[in-house]
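As you go down the protein sequences, you meet chains X and L in turn. Take 40 as the starting number for the first sequence in the numbering used here and just add one per residue. Take -18 as the starting number for the second sequence in the numbering used here and just add one per residue.
Mixed in with the good hints, there may be bad ones.
[Claimed, not checked] Just a few of them, taken from the derived set where beta-carbon distance is under 8 Å, the chain L residues facing chain X:
#1 Phe28
#2 Ala41
#3 Gly43
#4 Ala47
#5 Leu63
#6 Gly67
#7 Ala74
#8 Ala76
No lab work stands behind these hints, which were simulated from the structure alone. All values reported here derive from a predicted model rather than from experimental measurement. Ideal Cβ positions, reconstructed from N, Cα and C, are used throughout, including at glycine.
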Amino acid sequence: MAENQNSWPDLIHGHFKRVGIRQVGYVPDAGHSRLIDLCKQDNGITDVVLTTEEEGIGLVAGATLGGQRAALLMQSSGVGNCVNMFALLRNCGFPCLLLVTMRGEYAEFNPWQVPMGSITEQCLKLCGFQVYRVNQADEVDDVVGAASDMAFEGNLAVAVILSQRLIGRKQWVR
Amino acid sequence: MVSNTRPSRADYYRVLADALPEHALVVTALGNASYLWAATHHTPENFYIEDAMGLALPLALGLAVAQPTRHVVVVEGDGAVLMHLGALITVGAVAPRNLTVLLIHNGVHAASGGQVLTNPALDLAQLARSAGIGRAENVATPAAFDQALRAAFAADGPQVLVLSTEPDLDVVRPPITLDPVLTKHRFMIAIGAPRYVPTMFGGGRLKGD
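Using the sequences and the hints, build the whole thing.
Here it is, written out as structure tokens:
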């Protein structure tokens, strides 16, 4: 994928700036690598490399309590790690913008990824998230913009599923 | 027979209440960590977490980043920190200068009845240093805690103080409600955190009207 201002990670970063995201928590992830780089290079954003995704829920809560907006980036497997922690968002009514890169779906070559990937979306809904899915790059700007507004103006937990079709087919080369 | 020589959580909390700098924010984990702190020193600048174990540290981290001009103190239990040990590494990596971590080291899960931890004798200060938090020490008396705490507030953090504590299994009745939404609003209003104002109530109008 070309790394330019119109690539989908750049569009997401643009929405981070538009809605005033000041903290971004993430576990290093190939699908989010461009967006992570953009956040690291952004002096207006504190990027926090988490050891595990669960910490990100606490980070978002603390940022919100302190008056800052925060976003989380994770892979679908991380959603499974977070289930118990998501309760904090619902208990206290914290807004949360969560961007999830998918594994275990479209053209997945690794069967180990499928069990969690196949329940990620339902899992998020059960945990109280409003969930939107993006399959094509030309949907990113609109959907992430809508999700950002809904999270912070609607004061809700909102997740955007970035599908494996969007991220690009992973190929296992022999 | 093991003698009961360790200080109580209340002994340490009295020192903390006396030493807290002006405008400090305090985050406490579930159970008596919150109940007793509410009974000892309730202010709106306290955030009591009755939620998942291990969340207090990362929450305090996000708060410390968002409020860099205030001291943030987090009280976490040894059992909870063992559940999410990685949070110490994250705190060490971000290294907020205004964060002080107090670990109640009683060797048990006190909030659930006193079950002994996987390794109750772990050197948590050494662990914190290995996690990248340079200033970390074990403390065994209220007097030593008072000295270490005042030094911590006077220096750049983050720092970890591990408090050797006698388990307190009797549940303290907090004097205030710990309702999560109320606790959140009470805290955010007290510190003047920018609050969500819906566009429709902020003097705007629908586009095209």
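Outcome of the hint check:
1. Phe28: Check passed: Cβ of phenylalanine 28/L comes within 6 Å of chain X, closer than 8 Å.
2. Ala41: 6 Å, holds
3. Gly43: Holds, because the Cβ-Cβ distance from glycine 43/L to chain X comes to roughly 3 Å (cut-off 8 Å).
4. Ala47: Status holds, d = 3 Å.
5. Leu63: This hint is violated: leucine 63/L lies away from chain X, its Cβ roughly 14 Å from the closest one there, beyond 8 Å.
6. Gly67: Given a least distance of 3 Å, the restraint on glycine 67/L holds.
7. Ala74: Holds, about 6 Å.
8. Ala76: 11 Å, violated
Of the hints listed earlier, those the structure fails to meet are numbers 5 and 8, in rising order.
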